[in-house]
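Visitor: All chains, please: the whole structure from these sequences, using the hints.
In terms of the working numbering, the sequence shown has 277 at position 270, counting the first letter as 1, and numbering is strictly consecutive.
Read the hints as simulated data drawn from the structure, not as lab findings.
Model, not experiment: these values are computed from the prediction.
Every residue gets a Cβ at the ideal spot worked out from N, C-alpha and C, and that includes glycine.
Watch out, some of these pointers could steer you wrong.
What the hints assert, rightly or not - Pair ranges (Cβ atoms, derived):
1) S72 x R105: 16 to 26 Å
2) E229 x E195: 49 to 59 Å
3) K208 x T117: 53 to 63 Å
4) P260 x G191: 49 to 59 Å
5) K88 x P38: 50 to 60 Å
6) E133 x P178: 53 to 63 Å
7) D275 x A112: 23 to 33 Å
8) D352 x L91: 53 to 63 Å
9) K77 x K219: 55 to 65 Å
10) G191 x R331: 33 to 43 Å
11) R225 x D340: 22 to 32 Å
12) G191 x A112: 33 to 43 Å
As the list claims (entries may be wrong) - Taking lysine-lysine pairs in the DSSO-like style, the calculated list, with each CA pair at most 27 Å apart, reads:
13) K230 x K219
14) K268 x K230
15) K268 x K219
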Amino acid sequence: MNQRYSWLVMVVLAGLCSCGKKATVPVPPVPVTTAQAVTKTMSLAVEAMGSVEAYNSLEIIPRVSGQILKLHFRDGDEVQKDALLVTIDPAPFTEALREVEARLASDAATLVFKTSEAERKSRLIENDGISRSEFEKARAEADAQKNIVQADRAVVEQACLNVGYCSMRSPIPGRAGAYVVNQGGVVEANKTTLLVVNQVKPIYVTFSVPEKCLPGIRAAQEKAVLTVEARVPGADAQSRQGRLTFIDNTVDPATGMIRLKGTFANTDAFLWPGLYVQVSLMIGEEPGAVVVPASAVAKGPKGDQVFVVKAGGTAELRAVQVRRMAGDEVVLDGGVSSGETVVTDGLNKLKDGAAIVIANTPASAATNAASGTR
Numbered sequence: 008m009n010q011r012y013s014w015l016v017m018v019v020l021a022g023l024c025s026c027g028k029k030a031t032v033p034v035p036p037v038p039v040t041t042a043q044a045v046t047k048t049m050s051l052a053v054e055a056m057g058s059v060e061a062y063n064s065l066e067i068i069p070r071v072s073g074q075i076l077k078l079h080f081r082d083g084d085e086v087q088k089d090a091l092l093v094t095i096d097p098a099p100f101t102e103a104l105r106e107v108e109a110r111l112a113s114d115a116a117t118l119v120f121k122t123s124e125a126e127r128k129s130r131l132i133e134n135d136g137i138s139r140s141e142f143e144k145a146r147a148e149a150d151a152q153k154n155i156v157q158a159d160r161a162v163v164e165q166a167c168l169n170v171g172y173c174s175m176r177s178p179i180p181g182r183a184g185a186y187v188v189n190q191g192g193v194v195e196a197n198k199t200t201l202l203v204v205n206q207v208k209p210i211y212v213t214f215s216v217p218e219k220c221l222p223g224i225r226a227a228q229e230k231a232v233l234t235v236e237a238r239v240p241g242a243d244a245q246s247r248q249g250r251l252t253f254i255d256n257t258v259d260p261a262t263g264m265i266r267l268k269g270t271f272a273n274t275d276a277f278l279w280p281g282l283y284v285q286v287s288l289m290i291g292e293e294p295g296a297v298v299v300p301a302s303a304v305a306k307g308p309k310g311d312q313v314f315v316v317k318a319g320g321t322a323e324l325r326a327v328q329v330r331r332m333a334g335d336e337v338v339l340d341g342g343v344s345s346g347e348t349v350v351t352d353g354l355n356k357l358k359d360g361a362a363i364v365i366a367n368t369p370a371s372a373a374t375n376a377a378s379g380t381r
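Guide: Structure representation (structure tokens):
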């Protein structure tokens, strides 16, 4: 009887054990995008952060006081050199001009008379017709009148200038800012800033680099005009190129940095005063560099790493040595060979040996990056 119960217990236990085992569910492959590591010539660059500055920035300040008769621009308009911006009511100044012109005409007529008198008396004194003192008096009056006429002419010239100052024009081509005083408002000479005009074509990008970079920059500048590349963060990796046009004559002793400036044509007005930009100053070339997209490199517990696509559709985790960043690319010192395929998107879902499915046709780092060498 006990033997029979023992067999029943063994059968029940065996059944329970078989029920506890579950079938292993296969892990689906992770969809990823990839790119190919390539060997190419890369530009050697000094990287920095910079800011965009107007090529010229001028405050438009009235030189006469009066009421604004008309504004000839709208906020943000692009204006040409000598474009009419503001008209100040010229009526008081044209009236003043007429008055001083009339005074000049009267004083000029008096000068003609007194000069004629002095000449007549000079002939009389030769014949002892008048005393010398009388002649000297006539000549002095003529000279004094001449000075009065000269002063009148200066007043007329200033009055003409004042009439001209009523028409305020842009001294540079550029972009008009917001006007401070509305049409009909009253402005005071040499005090009220009506607007600011910024010249943005061309435009400057100012940036600073460590003093240790200066010898290399100067050596490269002796060989050729250096290219400056500016990229606006978040602007779909768009960049513009200019040329290095200024190196400051002093290193800032407080920071150990030196200020540089690049000039950009900016024909499409992509760069705007006040923007912060990523700057690359090209100082040479590095042939034979192994390059992968920056998105392929991730930080791991032991440093930089990438996932390399292996035969059979798996991803191999591999440590790499990053030499430097170059915009949206990375130059490697080791860990990946040219021609190998690396994962550029989906890294956070992978582990070493994970099965993958490639969601794109693998592209080279050159085609993934902006065109041109870096």
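Visitor: For each hint, tell me whether it holds in the structure or not.
Guide: Hint by hint, here is what the structure shows:
1. S72 x R105: 16 to 26 Å: Check passed, 19 Å falls within 16 to 26 Å.
2. E229 x E195: 49 to 59 Å: Given about 52 Å between the Cβ atoms, the range holds.
3. K208 x T117: 53 to 63 Å: 56 Å, holds
4. P260 x G191: 49 to 59 Å: Holds, at about 52 Å.
5. K88 x P38: 50 to 60 Å: 57 Å, holds
6. E133 x P178: 53 to 63 Å: Holds, at about 59 Å.
7. D275 x A112: 23 to 33 Å: 56 Å, violated
8. D352 x L91: 53 to 63 Å: With Cβ atoms ~55 Å apart, the hint holds.
9. K77 x K219: 55 to 65 Å: 57 Å, holds
10. G191 x R331: 33 to 43 Å: Violated, since G191 and R331 (Cβ atoms, about 60 Å apart) do not stay within the stated range.
11. R225 x D340: 22 to 32 Å: Cβ of R225 to Cβ of D340: about 27 Å, so the range 22 to 32 Å holds.
12. G191 x A112: 33 to 43 Å: 36 Å, holds
13. K230 x K219: 19 Å, holds
14. K268 x K230: It holds: about 18 Å lies between the C-alpha atoms, which stays within 27 Å.
15. K268 x K219: Cα-Cα ~17 Å, so holds.
In summary, the numbered hints that this structure violates are 7, 10.
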